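Asker: Protein chains in written order, with my numbering: chain A, 1 to 357; chain B, 1 to 360.
Since the hints were made in silico from the structure, they are not lab data.
Among these hints, one or two may not hold up.
[Stated by the list, open to error] Result set (DSBU-like, lysine-lysine): computed pairs, CA atoms no more than 30 Å apart in a straight line:
#1 A:K299 / A:K274
#2 A:K50 / B:K39
#3 A:K59 / A:K175
#4 B:K39 / A:K59
#5 A:K183 / B:K172
#6 A:K201 / A:K274
#7 A:K195 / B:K39
A quick note: this is a predicted structure, and the numbers were derived from the prediction, not measured.
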Amino acid sequence: MKLTSLLATAALGLGLATAAVAQDKTKVGFVYVGPVGDGGWTYEHDQGRKAVVAEFGDKVETVYVENVAEGPDSERVMTQMALDGADLIFTTSFGYMDPTINVAKKFPNVKFEHATGYKRSDNVSTYSARFYEGRAVQGTIAGHMTKSNIVGYIGSFPIPEVVRGINSAFIHARKVNPDVQFKIVWAFTWFDPAKEADAAKVLIEQGADVILQHTDSTAPQAAAQTAGNVITFGQASDMSEYGPMPRVSSIIDDWAPYYIERTQAVMDGTWESKDTWDGIGAGMVGIGEISDAVPADVKEAALAIKASLADGSYHAFTGPIKKQDGSDWLAEGETADDGTLAGMNFYVEGLEGDIPQ
Amino acid sequence: MIVLEKRPQPSQTWSMATPVVAVLATMFFGGVLFAALGKNPIEAIMTIFWEPLFGEFSFYYRPQLLIKGAPLVLIAIGLSLGFRAGIWNIGAEGQYIMGAIVGAGVGLAFYPLEAWYIFPLMVIGGAFGGWIWAMIPAILKVRFGTNEILVSLMLVYVAEQMLASVSLGLLKNPEGYGFPGSRNLQSWDSAHNAELFAGSGMHWGVVTALIAVIFAYVLLNRHMLGFHIRLTGEAPRAAKFAGVNPARLILFCLGAAGVLAGLAGLFEVAGPAGQITIDFNVGYGFTAIIVAFLGRLHPVGIVLAGGVMALTYIGGDIAQSNLGLPSAAIQVFQGMLLFFLLALDLLTNYRIRLASKEVA
Numbered sequence: 001m002k003l004t005s006l007l008a009t010a011a012l013g014l015g016l017a018t019a020a021v022a023q024d025k026t027k028v029g030f031v032y033v034g035p036v037g038d039g040g041w042t043y044e045h046d047q048g049r050k051a052v053v054a055e056f057g058d059k060v061e062t063v064y065v066e067n068v069a070e071g072p073d074s075e076r077v078m079t080q081m082a083l084d085g086a087d088l089i090f091t092t093s094f095g096y097m098d099p100t101i102n103v104a105k106k107f108p109n110v111k112f113e114h115a116t117g118y119k120r121s122d123n124v125s126t127y128s129a130r131f132y133e134g135r136a137v138q139g140t141i142a143g144h145m146t147k148s149n150i151v152g153y154i155g156s157f158p159i160p161e162v163v164r165g166i167n168s169a170f171i172h173a174r175k176v177n178p179d180v181q182f183k184i185v186w187a188f189t190w191f192d193p194a195k196e197a198d199a200a201k202v203l204i205e206q207g208a209d210v211i212l213q214h215t216d217s218t219a220p221q222a223a224a225q226t227a228g229n230v231i232t233f234g235q236a237s238d239m240s241e242y243g244p245m246p247r248v249s250s251i252i253d254d255w256a257p258y259y260i261e262r263t264q265a266v267m268d269g270t271w272e273s274k275d276t277w278d279g280i281g282a283g284m285v286g287i288g289e290i291s292d293a294v295p296a297d298v299k300e301a302a303l304a305i306k307a308s309l310a311d312g313s314y315h316a317f318t319g320p321i322k323k324q325d326g327s328d329w330l331a332e333g334e335t336a337d338d339g340t341l342a343g344m345n346f347y348v349e350g351l352e353g354d355i356p357q
Numbered sequence: 001m002i003v004l005e006k007r008p009q010p011s012q013t014w015s016m017a018t019p020v021v022a023v024l025a026t027m028f029f030g031g032v033l034f035a036a037l038g039k040n041p042i043e044a045i046m047t048i049f050w051e052p053l054f055g056e057f058s059f060y061y062r063p064q065l066l067i068k069g070a071p072l073v074l075i076a077i078g079l080s081l082g083f084r085a086g087i088w089n090i091g092a093e094g095q096y097i098m099g100a101i102v103g104a105g106v107g108l109a110f111y112p113l114e115a116w117y118i119f120p121l122m123v124i125g126g127a128f129g130g131w132i133w134a135m136i137p138a139i140l141k142v143r144f145g146t147n148e149i150l151v152s153l154m155l156v157y158v159a160e161q162m163l164a165s166v167s168l169g170l171l172k173n174p175e176g177y178g179f180p181g182s183r184n185l186q187s188w189d190s191a192h193n194a195e196l197f198a199g200s201g202m203h204w205g206v207v208t209a210l211i212a213v214i215f216a217y218v219l220l221n222r223h224m225l226g227f228h229i230r231l232t233g234e235a236p237r238a239a240k241f242a243g244v245n246p247a248r249l250i251l252f253c254l255g256a257a258g259v260l261a262g263l264a265g266l267f268e269v270a271g272p273a274g275q276i277t278i279d280f281n282v283g284y285g286f287t288a289i290i291v292a293f294l295g296r297l298h299p300v301g302i303v304l305a306g307g308v309m310a311l312t313y314i315g316g317d318i319a320q321s322n323l324g325l326p327s328a329a330i331q332v333f334q335g336m337l338l339f340f341l342l343a344l345d346l347l348t349n350y351r352i353r354l355a356s357k358e359v360a
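Kindly produce the complete structure, drawing on both the sequences and the hints.
Answerer: Spelled out as structure tokens, the structure:
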């Protein structure tokens, strides 16, 4: 068993070696969970890929496969890219974590970059963005803007990433509006326009006049536009086609600088496995233009908090903060450590409902 | 003028030929589609059909064909029994999910014990999970005459909710930092449905699929029950006179399909997939319906059809990566296959004749 698997690995490695010699361009592969035209998550990763092409021109060749299911299919697609001579492969969904680790074991000379995961090895790095910083800005605007004091939130999956966003938005909405309530609907999908539209409609019917979404399609924007007098925020990409109303701002994932930096590192032979978690300051999280539908003083407040997050003078999770059950989490002035944030699976005080288990 | 003339008996020749013609027609019109997208059609078709089998890296893709094809064949065999008797189980996807959940659950209950009996127990659990999920539409149909198409299909969505629930709760990996998904069974020897020979793609699911094919073949050709299944589908009135017990047939056909779909789910979760996650199911249960019909509901045909479908998936991904074809084009390509198959099926029952207009 051990020997045969070793032989198989050797055979795969050999296939790779011959393929790699055949070219001197740096080949970069991208594995996408959605279609490149989703207007959100995958779209922005593909923008990052295009930025790599624009930066390096002839020195780089990029390939991508979209709509890759998590699990064995993704493992096959990654292996295929590695066999075809990819030097660097970005796997852009949480569910690609174990497949990435598996494939990376077979191709020690290929570098892998897994988005939003926590498993690393010698040739696997992880990277993610501190989207919760963007949520703090959104929460500030939402708290000011809501008249019904009900903010609707479309959650995708109840994972730490999403819970963190809800908490951050809620804390900052409460700061500027002590009466605000959050209503959360779990869509259990990253991308499903029909489900997302339904979720938005339900929230609007329940009185929400601000909709935040952690799903990737523009369907909630369209639903809010139809309803009128409801504001939304672009998710993952700017979604500016829905501005100035309902979309008043957005969180933009900007992967381009990171993708360029890591591709350069592979070219220079300086690539090392590491964990990157960048926010507004490093430019990985962008805040889309705040539209004129937002009063000037609110816009100013939002930009102020954005600036303080960017220069590091303020942390989005700064105490005193209690957990939902009333127990203490952060003392006055204390800020959350990355470990707790990475595995966040509790609501902060004031949020209603339970995280689905 | 072209007229369609009903054949006195379905044509044996066309029945065998239509899948082949459908594949060829798909290649042709798929090529037209790829050309319209600005790609070299010959290269695209070659990439999809030739590359995985005989290309430079076929040593890797051939085993992948088994991994991708085995669950399709396993599920399609079960479905074909029912389809032959006019019992329409559309919910194999749900039975597949439940097999995986129950099987993985049985295994994880023993974690981290290492013992030889864990995997066999998981297999039984997987079969049971699929079976019990199929028994719901079966018993409702037998007792209350409900429509099994609707009930089995709706239960897919229930199963998906259960899958999300156990991924987030009951089976969640306690060492997973709060992320959804179970422990990875691949890193636990007693529960891992490993390749029987490394690099061969042969895991227990492939073996089981082959055994199921043989059993189905013998059942349909040599066994009274198989005769009843065929008779019920082809001549329901005759079946009644022959003393076929419809309730028993429904329970058997749905039950067998459930068991096989459940097994497919278990072998997948314990092997290639490794863990229960919210997005564990990728549509094998639905694709298997295409496979069953593409294979003419015949066990041997299903093996070939499963291979062709697996080929379009694997080749399709290669074409995306190498030629930059959008995944939607690949999906249209796969859809064409079913479309042409159904369209050409007409020729099995009808003859096309060129008739000159007769003057009365």
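Asker: So, for every hint listed, does it hold in this structure?
Answerer: Now the hints, each set against the structure:
1. A:K299 / A:K274: Between K299 (chain A) and K274 (chain A) the Cα gap is close to 36 Å, so the pair fails against 30 Å, i.e. violated.
2. A:K50 / B:K39: 20 Å, holds
3. A:K59 / A:K175: Between K59 (chain A) and K175 (chain A) the Cα gap is close to 50 Å, so the pair fails against 30 Å, i.e. violated.
4. B:K39 / A:K59: 23 Å, holds
5. A:K183 / B:K172: 26 Å, holds
6. A:K201 / A:K274: 42 Å, violated
7. A:K195 / B:K39: 34 Å, violated
Going through the hint list in order, the structure does not satisfy hints 1, 3, 6 and 7.
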